[in-house]
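Engineer: Sequence:
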Amino acid sequence: GMYDEATALVGEAMLNDAENNYYTILRAWILSEKMKQQGNATNFYNRVIDNCIDTNNVKSFVGFAYLALGEKEKAIQWMENVLATNIDYNGSLNYYATCFYAQTGDFDKALSCMDKALNRGYANYFDWTKNNDTNINISPLRNDPRFNELLTKYMIMFTNSN
Numbered sequence: 057g058m059y060d061e062a063t064a065l066v067g068e069a070m071l072n073d074a075e076n077n078y079y080t081i082l083r084a085w086i087l088s089e090k091m092k093q094q095g096n097a098t099n100f101y102n103r104v105i106d107n108c109i110d111t112n113n114v115k116s117f118v119g120f121a122y123l124a125l126g127e128k129e130k131a132i133q134w135m136e137n138v139l140a141t142n143i144d145y146n147g148s149l150n151y152y153a154t155c156f157y158a159q160t161g162d163f164d165k166a167l168s169c170m171d172k173a174l175n176r177g178y179a180n181y182f183d184w185t186k187n188n189d190t191n192i193n194i195s196p197l198r199n200d201p202r203f204n205e206l207l208t209k210y211m212i213m214f215t216n217s218n
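So in the numbering used here, spot 37 of the sequence shown is number 93, and the numbers just go up one at a time.
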């Protein structure tokens, strides 16, 4: 509930790691969702887009910023490009794609990406079940029964392989 302090701390993190767009999108989310400062939030979402060095990097979060700004077509185009130009060795790329498509409401694509992420070993249980930070999470997907089926399938597989 101490959002003024939170944005100040995130601002310090932004200064210390200027190329990490996560801090910028986190600050935008706090300003928008918690402090109801839409104008300031819009400025930070635009900064995510403008400061991006590598738009093909999923951790540039450019598509998530486009979504927050209501530019869904640009956002989807960004994610499709990211998926087409990167190899997902450990499932993290498809985890972020799951987050993205869950936020767009396209649960079929989100679940397809989730299956790929889990299949490639992305088994961060907190991210799948609890993470609600910013709009980079899968929370809209958690109420879909297919989500629990898929998560259970892979969690049993991961548990049995250890």
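Treat each hint with caution, since some may be false.
What the hints assert, rightly or not - Capping the alpha-carbon separation at 27 Å, the derived lysine-lysine pairs in DSSO-like fashion look like this:
(1) K92 x K130
(2) K115 x K130
(3) K209 x K172
(4) K186 x K209
(5) K186 x K172
(6) K130 x K172
(7) K186 x K165
(8) K128 x K186
(9) K90 x K128
(10) K165 x K128
(11) K172 x K128
(12) K115 x K165
(13) K90 x K130
(14) K172 x K90
(15) K115 x K90
(16) K130 x K165
(17) K115 x K92
(18) K186 x K115
(19) K128 x K92
(20) K90 x K209
(21) K92 x K172
(22) K209 x K165
(23) K115 x K128
Simulated from the structure, these hints should not be mistaken for lab results.
No experiment lies behind these values; they were computed from the predicted model shown.
Engineer: Would you mind marking each hint as holding or not holding in the structure?
Structural biologist: Cross-check of the supplied hints:
no.	hint	result
1	K92 x K130	holds (24 Å)
2	K115 x K130	holds (16 Å)
3	K209 x K172	holds (13 Å)
4	K186 x K209	holds (18 Å)
5	K186 x K172	holds (20 Å)
6	K130 x K172	holds (23 Å)
7	K186 x K165	holds (21 Å)
8	K128 x K186	holds (25 Å)
9	K90 x K128	holds (22 Å)
10	K165 x K128	holds (15 Å)
11	K172 x K128	holds (23 Å)
12	K115 x K165	holds (19 Å)
13	K90 x K130	holds (25 Å)
14	K172 x K90	violated (33 Å)
15	K115 x K90	holds (23 Å)
16	K130 x K165	holds (17 Å)
17	K115 x K92	holds (25 Å)
18	K186 x K115	holds (20 Å)
19	K128 x K92	holds (21 Å)
20	K90 x K209	violated (36 Å)
21	K92 x K172	violated (36 Å)
22	K209 x K165	holds (18 Å)
23	K115 x K128	holds (18 Å)
Violated hints, listed in ascending order, are 14, 20, 21; each of the other numbered hints is respected by the structure.
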